[in-house]
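Could you build all of it, start to finish, from the sequences and the hints given here?
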Amino acid sequence: MTAPQPPASTKAETSAKLAFRPLPVPQVDVRGFWGDRVDAVAAKTAGILYDRCVEARMLEQIDPDRPSPGVVIPFHSPSPDEADAQGAEFTGSTVTTQMFWDSDWGKTIETAAYSLYRRRNPDLEKKIDAVIDMYGKLQQPDGYLSSWYQRIQPGLRWTNLRDCHELYCAGHLIEGAVAYYQATGKRKLLDIMCRYADHIASMFGPEPGKRKGYCGHEEIELALVKLARATGENKYMELAKYFIDQRGQQPHYFDEEARARGADPKAYHFKTYEYNQSHKPVREQDKVVGHAVRAMYLYSGMADIATEYGDDTLKVALERLWDDLTTKSLYVTGGLGPSAHNEGFTSDYDLPNETAYAETCASVGLVFWASRMLGMGPNARYADMMERALYNGSISGLSLDGSLFFYENPLESRGGHHRWKWHRCPCCPPNIGRMVASIGSYFYGLADDALAVHLYGDSTARFEIAGRPVSLVQTSNYPWDGAVAIEIEAETPIALTLYLRVPAWCRNAALKVNGKMVDLDAATIDGYAAIRREWRRGDRVELDLEMSMARLFANPQVRQDIGRVALARGPLIYCVEETDNGGGLHCIALPREAKLEAHSEPNLLGGIVTLSAIGSRAETENWGSDLYRAKPPAAEETKLKAVPYFAWDNRDPGEMLVWLREG
367 MTAPQPPAST KAETSAKLAF RPLPVPQVDV RGFWGDRVDA VAAKTAGILY
417 DRCVEARMLE QIDPDRPSPG VVIPFHSPSP DEADAQGAEF TGSTVTTQMF
467 WDSDWGKTIE TAAYSLYRRR NPDLEKKIDA VIDMYGKLQQ PDGYLSSWYQ
517 RIQPGLRWTN LRDCHELYCA GHLIEGAVAY YQATGKRKLL DIMCRYADHI
567 ASMFGPEPGK RKGYCGHEEI ELALVKLARA TGENKYMELA KYFIDQRGQQ
617 PHYFDEEARA RGADPKAYHF KTYEYNQSHK PVREQDKVVG HAVRAMYLYS
667 GMADIATEYG DDTLKVALER LWDDLTTKSL YVTGGLGPSA HNEGFTSDYD
717 LPNETAYAET CASVGLVFWA SRMLGMGPNA RYADMMERAL YNGSISGLSL
767 DGSLFFYENP LESRGGHHRW KWHRCPCCPP NIGRMVASIG SYFYGLADDA
817 LAVHLYGDST ARFEIAGRPV SLVQTSNYPW DGAVAIEIEA ETPIALTLYL
867 RVPAWCRNAA LKVNGKMVDL DAATIDGYAA IRREWRRGDR VELDLEMSMA
917 RLFANPQVRQ DIGRVALARG PLIYCVEETD NGGGLHCIAL PREAKLEAHS
967 EPNLLGGIVT LSAIGSRAET ENWGSDLYRA KPPAAEETKL KAVPYFAWDN
1017 RDPGEMLVWL REG
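All residue numbers for the sequence shown refer to the numbering used here, where the first residue is 367 and numbers rise by one.
It cannot be assumed that every hint is accurate.
[Claimed, not checked] Here are the simulated lysine-lysine pairs, DSS-like style, with alpha carbons at most 30 Å apart:
| hint | residue 1 | residue 2 |
| --- | --- | --- |
| 1 | K410 | K492 |
| 2 | K787 | K492 |
| 3 | K552 | K503 |
| 4 | K493 | K552 |
| 5 | K492 | K503 |
| 6 | K646 | K601 |
| 7 | K653 | K632 |
| 8 | K493 | K592 |
| 9 | K601 | K503 |
Since the hints were made in silico from the structure, they are not lab data.
What follows is the structure, encoded as structure tokens:
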């Protein structure tokens, strides 16, 4: 499909001249590792998402031609992620409705949109068009659009922003609308959501008579930025900025709205506004707290606004929050949020492995945040973490064939944790689906006269510099091999700066331009090699990244990982599975002097590189019935085999372990 051309820049964009913005999905073709995953989403996941939404009877909630559906859940302080604990499910003819189903439709539409760009599917497109038609019929004359407040609880709109997801759902529908427009050229949903955004702008803002609120579940902020960029309408950017600026201000809006509906503001399930990051104005926040997905979405929106407005006050706050997350509260896989209770953060260095919540949506959200931090300029601290979360903690949530899902992503399993077909709170399947389907937009960042290469792998990028078309063709077997070749194609010579990330995990790297060595130390700033020159057709860049194998050790304050070691190769974190190593993985130890070896296995798990080493295994057979003894168990030599974490639970079910005992 031919993608529609983006409109002129918004006014906000002109204030941040050095901003880097992602290339739209239709302008990047991915092949190789990510091409296989996009193909799986296009061939299977996108259709599954639609079918499972229908099976859950979500259509009945948005179709105004059908009777209003079923059972209303008494929510105390709901979240899309709490639904599982509240027994929100569908069985037979019984319908349990959810106030956030519009968000699931939005993400499903977004996944389908990018999948349609990748692979034509007239049947799926027809189904999505029908869903869009229903939303068109459902929309009220003033632009308001919420299936929950129109079909389930009419008359209560804008009365409980803290708990009830109106703006969150609007945000996901906006993102779906932008994606569907970009991928298909169809404007119907985009026009619907512009009318809704106009209505929201008429209700919220700093002007007299408008509400001074914001959503309890952040999402609308980053969606409005996307809408502004897609339409060229600066008013949507201004509304996104307002929601960011207003959050946490006093008097606290959530207190005021609770009193207005006759409720006690203190009768809040989580007892603290840290849960939704509204405990302080955003520029005063210095600690990552609360619900992990909400936090990642908020910081993503903050980073977008910092980029668009050149706002250093937001940038400083974001850097503080980034440091807090990455030095105290992040799993080695790029997963985050250890607690199931609040689906989020607890205390510093609390990173349990077997009970890790590490919701797929949270790692996807970290990818969003990191990619938006790169809007303020190439910096490997953000791109390296984006890569870590992409290759490990996020795509672990999707099976290799695109049909099964993880909600939680623990780093240890005794054999009882497996992928499922669907979830009573189905936020993660379409979230990982839309991220994978749009992966091309995370590869590159474009400024006025520069292109940054954030991710490596087979791909082609098409963009314009000074109104002139340029193509960049990247050839690589990344992440299995670190050799990257890049060719620039332009009809006439073009001056631009090419930024190439040199990952922190890479011990040795070499760079050539047209066969001549480049001094990487001299050329590298913030982890990116900057090459400024007039590029001509056929110019070739060769970047050789050593795929270093590494033993990783946790800060000793992470008590669960003391005396343990994790294995990595390049951007990938590895784990051991029972199917390769037998049961009782906790009995295996890896000596510090053991040699690690990498093996290419093209016929395993779609083609991967495995790691092996000689370790030891504590014997259990000769222990007898004693629970304790005065002598340690005997140990025998064993060969262990590790596979990339993202690929676990795609074969025979069994135990899994990331952090090995060091023996």
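Status of the hints after comparison with the structure:
1. Distance check on the hinted pair: K410 and K492 sit about 16 Å apart at the alpha-carbon level, within 30 Å; holds.
2. Using a Cα cut-off of 30 Å, the hinted pair K787 and K492 holds, with the two alpha carbons roughly 24 Å apart.
3. A distance of roughly 17 Å separates the Cα atoms of K552 and K503; the hinted pair therefore holds under the 30 Å criterion.
4. With a C-alpha separation of about 14 Å, the suggested pair K493 and K552 falls inside the 30 Å cut-off, and the hint holds.
5. Among the hinted pairs, K492 with K503 is consistent with the structure: their alpha-carbon atoms are about 17 Å apart, no more than 30 Å.
6. At roughly 25 Å between alpha-carbon atoms, K646 and K601 fall within 30 Å of each other, so this suggested pair holds.
7. Between K653 and K632, the direct Cα distance comes to roughly 23 Å. Compliance with the 30 Å bound is thereby established for this hinted pair.
8. Of the supplied pair hints, the one linking K493 and K592 holds, its CA atoms being roughly 24 Å apart against a limit of 30 Å.
9. Among the hinted pairs, K601 with K503 is consistent with the structure: their alpha-carbon atoms are about 25 Å apart, no more than 30 Å.
Checked against the numbered hints above, the structure breaks none of them.
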